[in-house]
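Asker: With the sequences and hints as input, model every part of the structure.
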Amino acid sequence: MKKIESIIRPHLLEDVKTALQEVGVVGMTVNEVRGFGRQKGHTETYRGSEYRVDLLPKIRIETALPDELVEPAVNAIMKVARTGKFGDGKIFVTSLDEVIRIRTGERGEQAL
Amino acid sequence: MSTRYRLALSFGIVLALGLGVLGGIAKAQEPAGQAMGTSGPVVPVVPAPALNTGDTAWVLAATALVLLMTAPGLALFYGGLVGQRNVLSTLMHSFFLACLISVQWVLFGYSLAFGSGRLVGGLDFLLFRAVGQEPLSGQTIPHLAFAIFQGMFAVITPALISGAIAERMRFSAYVLFTLLWATLVYDPLAHWVWANDGWLFKLPALDFAGGTVVHISSGVSALVACIVLGKRLGFPKRAFLPHNIPTTVLGGGLLWFGWFGFNAGSALSAGGLAVQAFVNTNTAAATTGLVWALIEWGHRGRPTALGTVTGAVAGLVAITPAAGFVDVPSALLIGVACALVCYWGVNYLKPRLGYDDSLDVFGVHGLGGTWGALATGIFATKAVNAAGADGLLAGNPRQLLNQVIGVGVAWVIAIVGTLVVLALVRMVTALRVSDEQEMSGLDLALHGETAYSMLASGGSQVSGPSE
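In the order they appear, the protein sequences are chains P and H. Okay, so the first sequence: first residue is 1 according to the working numbering, each after it adds one. Okay, so the second sequence: first residue is 113 according to the working numbering, each after it adds one.
Source of the hints: derived by calculation from the structure; they are not laboratory data. Treat the hints with care, as some may be off.
Think about it this way: if two alpha-carbon atoms lie no more than 20 Å apart in a straight line, the pair counts; the simulated EDC-like pairs of lysine to aspartate or glutamate are [stated by the list, open to error]:
no.: 1; chain 1: H; residue 1: Lys349; chain 2: H; residue 2: Glu550
no.: 2; chain 1: P; residue 1: Lys40; chain 2: P; residue 2: Asp54
no.: 3; chain 1: H; residue 1: Lys349; chain 2: P; residue 2: Glu50
no.: 4; chain 1: P; residue 1: Lys3; chain 2: P; residue 2: Glu98
no.: 5; chain 1: H; residue 1: Lys349; chain 2: H; residue 2: Asp547
no.: 6; chain 1: H; residue 1: Lys343; chain 2: P; residue 2: Glu50
no.: 7; chain 1: P; residue 1: Lys90; chain 2: P; residue 2: Glu71
no.: 8; chain 1: P; residue 1: Lys79; chain 2: P; residue 2: Glu14
no.: 9; chain 1: P; residue 1: Lys79; chain 2: P; residue 2: Asp15
no.: 10; chain 1: H; residue 1: Lys349; chain 2: P; residue 2: Asp54
no.: 11; chain 1: H; residue 1: Lys349; chain 2: P; residue 2: Glu44
Which chain P residues stay away from chain H? Per the calculated CB distances, all over 12 Å, these [to be verified]:
no.: 12; residue: Arg9
no.: 13; residue: Asp67
no.: 14; residue: Gly84
no.: 15; residue: Val93
From the three backbone atoms N, C-alpha and C, an ideal C-beta is built for every residue, glycine too.
Answerer: What follows is the structure in structure tokens.
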């Protein structure tokens, strides 16, 4: 089992969600987050005071998958979340030791 | 905790004692006569102008509109501009004053402002004694209607100052400051400018709805207060971003809406003069908002929502003293010039001088009010209001001099009065919260509540209703 954590552009959330559902992903958790990478920030002006904003808004999608779904899911995200410019985000894949469904107590892949 | 209790307790005792003493005085003293009238409170000797229901209805509606300017208008306008840890503290600065100064006004504020007297009003109207349903002398509305309409002006003026001291002043110090300021600065100045026996009224220094009394006094006092109080921790290096611009836009819109009551209500009647003030008000607000946005567009490449709202409010400030004395084209010119003056104040003067007027009270109200008061001396004409005066362009340069005197007096009483009042408050309590409280936010530190809770059930009840 793996956990895929992808950081994407906020306006692409709907596209990424649909693409993941199409390859068989059945659940996800979404956060609004802020961060920076190679994409430059921007300036905001309030009554003449300019502020440099480095931490840009992004969306983080977390989803837990059986191993065989990882590649299709990564490909699906790559396909719709890529614009080719700085700021497209990243995908982190990590191993999952255990998954437990709280309602039934099921463990492992059955709980996914 | 114990010092807080002591402070609250002593404050309550002072207020209660004041109430009792004033009640006694008012009962003991049969008022000698009305400041604004020739007739006594019980038996009108001269048949005064009859009470007019239309005028009365309008002034009552206008009174409610002016309350709307403070709570929620100003509260939201300022509330959106501060950080999210200080929203409630900022809302309290306005809402609490609607309570505090309304009571001060009934107890003695109205009497000090509009009672008869040379330098300050006498005690004729303590506790609204002799302020009744009979028409105000020379007017067609009940004296009570005038008194409560004016009360709303007394409420909003100290609340305007709060924008300069936001995010760092102790609440107890703020309460004492505003109470003393309303009594020692606002009430005398209102008396000089608006009472029939006020010396600036007789000069006459024209002020239709409060350019000097409300906006110069609050704007200049705000500048003094923020310098005395000092900058917010980390200013100007840290980013002090507005936490919610939509809230500020909503508050600004409510201010504009309420300002129709403020300016058009100041006609004290529902006739042509009220309409003139109404149209001038809208014209100036719209013009300054428009020009402000255009300046930003040219200067920085993009017009901002905050800038446009700020401009509209500045235009409202500038037209306030002139609203019932100038024609509509003059309102346009006043609005254009106001945008230039206030944009300069907010964008250049403040950074250059380095003071931390958190929400630009001086740049908008101090400068806008000063321009408006002077503009009244330039553009006023008796063709618009026979009870007013001709200004510079109507061939009376003397009026501009009168306006300069009015402006100068308002600046001086604001500067001196604020310094004195802050010194008095400092003898009782510290002006600023501790650094720790400032960093954790005033909402939690001073009021024990937070505006936006991230978790719906992130705690458990300690006391309150039991099962």
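Asker: Now tell me if each hint is right for this structure.
Answerer: To see whether the hints hold, each was checked on the structure:
1. H/Lys349 with H/Glu550: holds, 16 Å
2. P/Lys40 with P/Asp54: With a Cα-Cα distance of about 7 Å, the restraint between P/Lys40 and P/Asp54 holds, given a limit of 20 Å.
3. H/Lys349 with P/Glu50: Answer holds: H/Lys349 to P/Glu50 is near 11 Å, not above 20 Å.
4. P/Lys3 with P/Glu98: holds, 11 Å
5. H/Lys349 with H/Asp547: holds, 16 Å
6. H/Lys343 with P/Glu50: At roughly 18 Å apart (the allowed maximum being 20 Å), P/Glu50 and H/Lys343 satisfy the hint.
7. P/Lys90 with P/Glu71: holds, 15 Å
8. P/Lys79 with P/Glu14: At roughly 13 Å apart (the allowed maximum being 20 Å), P/Glu14 and P/Lys79 satisfy the hint.
9. P/Lys79 with P/Asp15: holds, 10 Å
10. H/Lys349 with P/Asp54: holds, 15 Å
11. H/Lys349 with P/Glu44: Distance of about 15 Å is within 20 Å: holds.
12. Arg9: Given a closest Cβ separation of 22 Å, the condition holds.
13. Asp67: Holds, because the least Cβ-Cβ distance between P/Asp67 and chain H comes to about 35 Å, which exceeds 12 Å.
14. Gly84: holds, 26 Å
15. Val93: holds, 29 Å
Of the numbered hints stated above, none is contradicted by the structure.
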